[in-house]
Amino acid sequence: MNVPAQETPFETVRDVVIENPVISAQQLDFWYGQSQALFANDLDIAPRKVTAIIGPSGCGKSTHLRVYNRIFEQYRGQRAVGRVLLDGQDLLAPGTDVIALRRRVGMIFQKPTPFPMSIFENVAYGVRLHFAFSRKELEQKVEESLRAAALWDEVKDLLHKPGTALSGGQQQRLCIARALAMSPEVLLMDEPTSAIDPVATARIEELVLQLKERLTVVIVTHNMQQAARISDNTAFFHLGRIIEFGATAKMFTNPSHPKTEEYITGRFG
Amino acid sequence: MTELRLSHRPATARKALDVFVRAFSVLSAALGIFFLFWILWVVLQKGHTVLSWSFFTSAPPSPGEGVGGIKYALVGTLKMTGLACLMGVPVGLLTGVYLAEFGRHGAFASGVRFCVNLLMGIPSILVGLFAYTIIVLAAPRHYSGNAGAFALAIIMLPTVARTSEDMLLLVPDALRESALALGIPRWRVITGILFRAARKGLLTGVLLSVSRVSGETAPLLFTALNNNFYPKDLSQPTANLTVTIYNYAMSPYDNWQRVAWGASLVIMAFLLGVTLLLRFILKERHRS
Amino acid sequence: MTLRRLANLWKAQTSFRKTSAFHRSADRAFRLLTLLCAVSTLLLVGAILWNLVENAWPSITRFGLGFVTSSQWNPVKSQYGAASSIYGTLVSTAIALILALPISVAIALFLTSYAPPWLARIVGTCVELLAAIPSIIYGMWGLFVFAPYMQKTVQPMLAKLPGPLFDGAPLGVGMLTAGIILALMILPFLTAVMRDVFSMTPPVLLESAAGMGSTSWEVTRKIAIPYGLRGLIGATFLGLGRAIGETMAVTFVIGNSHRISTSLFAPGNTIASTLANEFNEADSPLLEAALIELGLILFVITLIIQILAHLWLRSLQKRQAR
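Protein chains in written order, with the numbering used here: chain A, 1 to 269; chain B, 1 to 288; chain C, 1 to 322.
Chain A on its own, in the form it takes in the complex:
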């Protein structure tokens, strides 16, 4: 994937200014070994809003997201250069407490990954490590999280069944409940509906709209209708660069950059 030389110097088209961003990526580069995947990304994530990241596959949208909780770190040769501020603190700084960071910034992945244990334990496992709860409080927390993930009514009588016994959509909501139980401030979602059916997808989209009342959501999706339905702001990625960033309503009706228009009208990607 060669980036034509004439595209540099490069300027992202920006139609909104974010006040008090929760997360602010500044001049973020990313490398897989010798090959660069992200180029000088600048992106502000608005608090209690849904920000969508869209773009053709291989454009770096997942890579960008995986910097926010430093999950990329467990692989050799992957490194991020630049600054990513979370509440004003650079989370890429060497002294960052990664365990605390990940409690504050939760993540949902493409494929649901229930732990090999009961539904109750799936939610309780992380909670127990981080909070000093009594049994009663723990049960409350689990119920509250399952309710917040709109799963409680379906599983309240099966709490001791294994998590893998649920359907794909239910498993994904279990993963969301598991993440919510850690009381995160930000929830990252990496194509959370790409592996589940349309009905389950609709439920999760509904859930995302409810969630933004209590936390900030950043969602990577290859489904443009989804981005249009649930997000407030959208960033369009292409070849590791942010081409355009703006209010979703504006970008999908009247994109500023010709590349964005080509992409959302389905001419490539």
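These are calculated hints, taken from the structure and not from any lab test.
Just so you know, not all the hints are guaranteed correct.
Examples of chain C residues toward chain B, derived with CB under 7 Å [claimed, not checked]:
| # | residue |
| --- | --- |
| 1 | 27 |
| 2 | 37 |
| 3 | 127 |
| 4 | 129 |
| 5 | 134 |
| 6 | 299 |
| 7 | 302 |
If you're wondering where the values come from, they're calculated on a predicted model, not measured in any experiment.
A virtual CB, placed ideally from N, CA and C, is assigned to each residue, including glycine.
Position chains B and C relative to chain A; hints supplied.
Relative to the frame of chain A, chains B and C by itself:
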């Protein structure tokens, strides 16, 4: 790409050769099965005569008189294998964890992997010799069940390490990521979630290593020796099944030889059972 | 808005059970523990080598290189040489490989291309079970059942063949019997390797060749064997490693003699069988050192086999990566 140059000999000669190879392969398969059943039959036929409940609960016989039992040897073998597990399994498991979770592609990890393979290939009698030089000779020449268990542990270690690594690598990275992304510390991700996800495979490795050592004689020859008394603890030379079989089989007494066959039958039944069980578990995994 | 977030944050932070500082140091400790275990395997290999050298030292300094070439084994004169044990180890292993390689290839062929799946499953299990029988049972069966059979039936027949290999009295026990039993013991391992190799041959190649009207043996020979040759060499290493250190079965049936003889009927010994037989009775320090030096030689041989196998495997992977 392999070049396809097929022969231009007359068709009849080619057909004949094909028939010959086919026959040879059927014959070879039959030969393998024949030897298996020959050995099984001999052990069953010579061993079953002494089998009874008291064979498992009695003291060993005196030369030339009665069959007695293998209680002491059985208990000694169980105790030594148990102690070997306590030493070999944790070290092997954690070595597997290092290779699968921390080292993975590093040069150091491949060095460790090579050593694990090497340990797997070392003849078991040399492991016995090593245990002799390091433990038996340490206190002025003192043979003990502990030394035997140490030798068995060294034999178990590489098997457990290799299977643990393989089984942990079968757990998808997505599970690791989603656990880490919750802010669960690495060691809790490994011990609480990955071990649980791979538990069947890890258990297979332990079972495999137990089955590997429970038929071993050579590493015990210079370490545990044998004993005619009940193995209260492992600080003394310790009665065990395989060395008992060896000593009895080589003895001139008819009753001892019969006990040797009986004990062989017991070990063989155990090992065949474990092997079939492992095969079943692995098949199950393969299907799911 | 921001105030509420701060309040929430404060609540979450104060109810932390264990600080993440604790988790971080626990993580480091756990990682260190696994590293220590991994290092222990390296130390173990080093310690085995060091101990063998150290304890064999009296014999190494006394006999020097002559230890490898002399076949004398005389406790009365304190003269020891490893030649007969090394010879016996190599010959019995060679017999085992010569017998087991073609048979394992044939069985693997049967399992992968000739037998219907249900039969392949049964036969495959049976061959695998050969590996579950412990060495000592092979030994007992060999000594009490198979050796007498060899003596009465097989060896008299072979004795009619010309050449020095089958000369001498049919004793039953001896090099040939030991080799045959070793072949049986390594058969399941070789078969497993060959079976994997055959089922790895790309089916497209097999089909296209069969489509050109070749018989199934020709397909195998022309296509699977070039692929399989690499596996065959791997299997040889594996079999070599297994057979060379096999102790109990061989000790029972090889006859335990320190004489080198061209006849395969004659009794002999191997490094492992000499150790098993004589180590506990070794009453002089020099004899013990000589026996440990035998062990050292066996260790070095296995080390070389492992290194060769490792290099072979690496070159295979490189070729495949290309």
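Just pull the numbers of the violated hints for me, sorted ascending. When the structure is compared with the hints, none of them turns out to be violated.
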